[in-house]
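Chemist: This is what each chain is made of:
There are 2 protein chains.
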Amino acid sequence: MELDLIKLIKHHSRTLPSQSLEGSLITAIGDDCAEFSPSADSNLLLTTDTMVEGVHFSLSYYTPFLLGRKLASVNLSDIAAMAGNPRAALLNLEVPPGLSDPSAAFWPPFIRGLVERLAEFGAVLAGGDTVKASNNKLSLTLTVIGEVSKGQAIYRKGARAGDMIYCSGFVGESALGLKILQERHVPLPLPVKRHLIARHLDPTPRLHLGEMLAHCSVTSMIDISDGIATDLAHICKESGVGADILANRLPISRAARSAASALGINAISSCLYGGEDYELLWTVPSSKSADMEKKIAAADGHGPFFIGTIKKGSGVWLKDSQGLHNITFKGYEH
Amino acid sequence: MELDLIKLIKHHSRTLPSQSLEGSLITAIGDDCAEFSPSADSNLLLTTDTMVEGVHFSLSYYTPFLLGRKLASVNLSDIAAMAGNPRAALLNLEVPPGLSDPSAAFWPPFIRGLVERLAEFGAVLAGGDTVKASNNKLSLTLTVIGEVSKGQAIYRKGARAGDMIYCSGFVGESALGLKILQERHVPLPLPVKRHLIARHLDPTPRLHLGEMLAHCSVTSMIDISDGIATDLAHICKESGVGADILANRLPISRAARSAASALGINAISSCLYGGEDYELLWTVPSSKSADMEKKIAAADGHGPFFIGTIKKGSGVWLKDSQGLHNITFKGYEH
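Top line first, the protein sequences correspond to chains A and B. Numbering-wise, numbering that gives the first Met the number 0 puts 136 at position 137 of the first sequence, and it's gapless, one number per residue. Numbering-wise, numbering that gives the first Met the number 0 puts 38 at position 39 of the second sequence, and it's gapless, one number per residue.
Please note that a few of the clues may not be correct.
One copy or two, either will do: identical chains are not told apart, so a pair holds if it fits within one copy or between any two.
30 Å max Cα-Cα, derived DSSO-like pairs, lysine-lysine [claimed, not checked]: (1) Lys9 x Lys311; (2) Lys136 x Lys293; (3) Lys310 x Lys6; (4) Lys131 x Lys318; (5) Lys236 x Lys192; (6) Lys178 x Lys156; (7) Lys310 x Lys131.
Source of the hints: derived by calculation from the structure; they are not laboratory data. For clarity, every value in this text was computed on a predicted model and none was experimentally measured.
All chains should be built: construct the whole structure from the sequences, respecting the hints.
Modeler: Below, the structure written as structure tokens:
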């Protein structure tokens, strides 16, 4: 089983357009380790995510291509959150009996989705391990190795009282998309459904934005995988600060509002507690915020969302017309 | 669940004696990525292995400590086989309901076994991911990042016709140890049983030897995880050569002979086809073999085993009094 999947992975890695790492990848799949030559003056970034069928995804929602692509995207998003560039990846597969035939139609598009997404941002699939699953569920682990110029990485721990809090896009759309997949008949226009479902199945890792933010005096950063209430709480905890989020500033799209209404869900809750949007969330001193906003708007066509302020103390607080509500870590559970 | 296991891992990583990587590990568990500073003039080695309960291990044989330790050892062995030094590791856990309470007695010794083994060879646990399992089986993935001086790595692909084939220790003992664990009553002296069982449950990654061999004109190397017939076949395939193994030179210990006899197994088969010994297997030009043997003997107290010769052609062949037998890839299946 193992050898033939390796062949398939090798094949799909080779059919790609020229890749930035190619010159520095010395040995890849087919030896005891992959070997590559890091850039001078860079530090290494290491990140890994596991996705288990029935826990993190259902094969009734994902095409194999989109599943491979999402596995890459969620890992690449962690590299984006540190302002780095991905270079290489390792893939671990636990393969259930139904998929253990390497000629299974599942594998070529899965590998293509994964390898193409990695290549889009400059990384190659360099190795991995393929084993039998203990049951009939597929399990996927991807480890991504990235690089970041020494001194350029942005951590969770640098937020200071007075910093302004920003996020890169609408949040909550992914969780609403998943809900639409799970409910059979949701009375919404097809384009709205399609948009929200795509936000769940095919998120975009914000790598270019992350790198740009390394030059914008950003003090802390994280990617929003578990909802604003949880991911901002990580920043607060690591930085030893608190945060006030402004309810009327939450990045809720028109599509999200109409979907929340059709599903009978509170739109604010889906923004605060819904996961898997993979937007970036960061803090910046107020004196630097105008410059940062201008730079991002010039590159992206639209500015980032200002959503609140870092304060002394601890925890994440939602500020609305009723007052302050503690929402620390009230996040998304996969 | 996830956060508390992270706390446990942090705790056990911190109680260790000072580690070589400590100075260069900038951020570890608790950010989006781990970050570390690679040595100048080194290339990176990447390797990963997944172990699934019921496929690769049974919790009725392993203590949690030994399981964590073995997970580290099998990955470190791949770094040894490329003549590198391990630096950092990432751990992915798929946790079944019975073990999802982080106060479960299982986790502290498991993490200790893993982290101490990594530290023994200079690596730290720098991050990972913890998710719910899709069933009641535990699944473990470790990814190890190592370094090797530029130009020093030893690959599978360098063997040439005429090279002599060596291995670092007795082979087949691990598979016999597993068999003893599986059968209830095997008529063997207790010390023999204990030795063979320890060879299965607690293999030693040959990192010091691997590094030494980088200075011994070695042309190719691999670690023996799937038996000589399979692992030597990898070298032959990648190098475009064949190999003759001499039956009367096979590294079969006295303990292995008596166990094979008590179990009604052919001792030669257990040496050729038994897996998980994690000894090193390498090739060296015959003109350099005496020097290499001397260096290894001086460091290890005993020389390596000479077991056969690389030849033109392809495949792995066993040479005994009856002639030549093709044993290519007749290896171990987990």
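Chemist: Are the hints correct? Go through all of them and say.
Modeler: Hints, verified against the model:
{"no.": "1", "hint": "Lys9 x Lys311", "verdict": "between (52 Å within a copy, 26 Å between copies)"}
{"no.": "2", "hint": "Lys136 x Lys293", "verdict": "neither (47 Å within a copy, 51 Å between copies)"}
{"no.": "3", "hint": "Lys310 x Lys6", "verdict": "between (54 Å within a copy, 26 Å between copies)"}
{"no.": "4", "hint": "Lys131 x Lys318", "verdict": "neither (50 Å within a copy, 34 Å between copies)"}
{"no.": "5", "hint": "Lys236 x Lys192", "verdict": "neither (36 Å within a copy, 51 Å between copies)"}
{"no.": "6", "hint": "Lys178 x Lys156", "verdict": "neither (33 Å within a copy, 51 Å between copies)"}
{"no.": "7", "hint": "Lys310 x Lys131", "verdict": "neither (50 Å within a copy, 35 Å between copies)"}
Comparing the model with each earlier hint shows violations of hints 2, 4, 5, 6 and 7; every other hint is respected.
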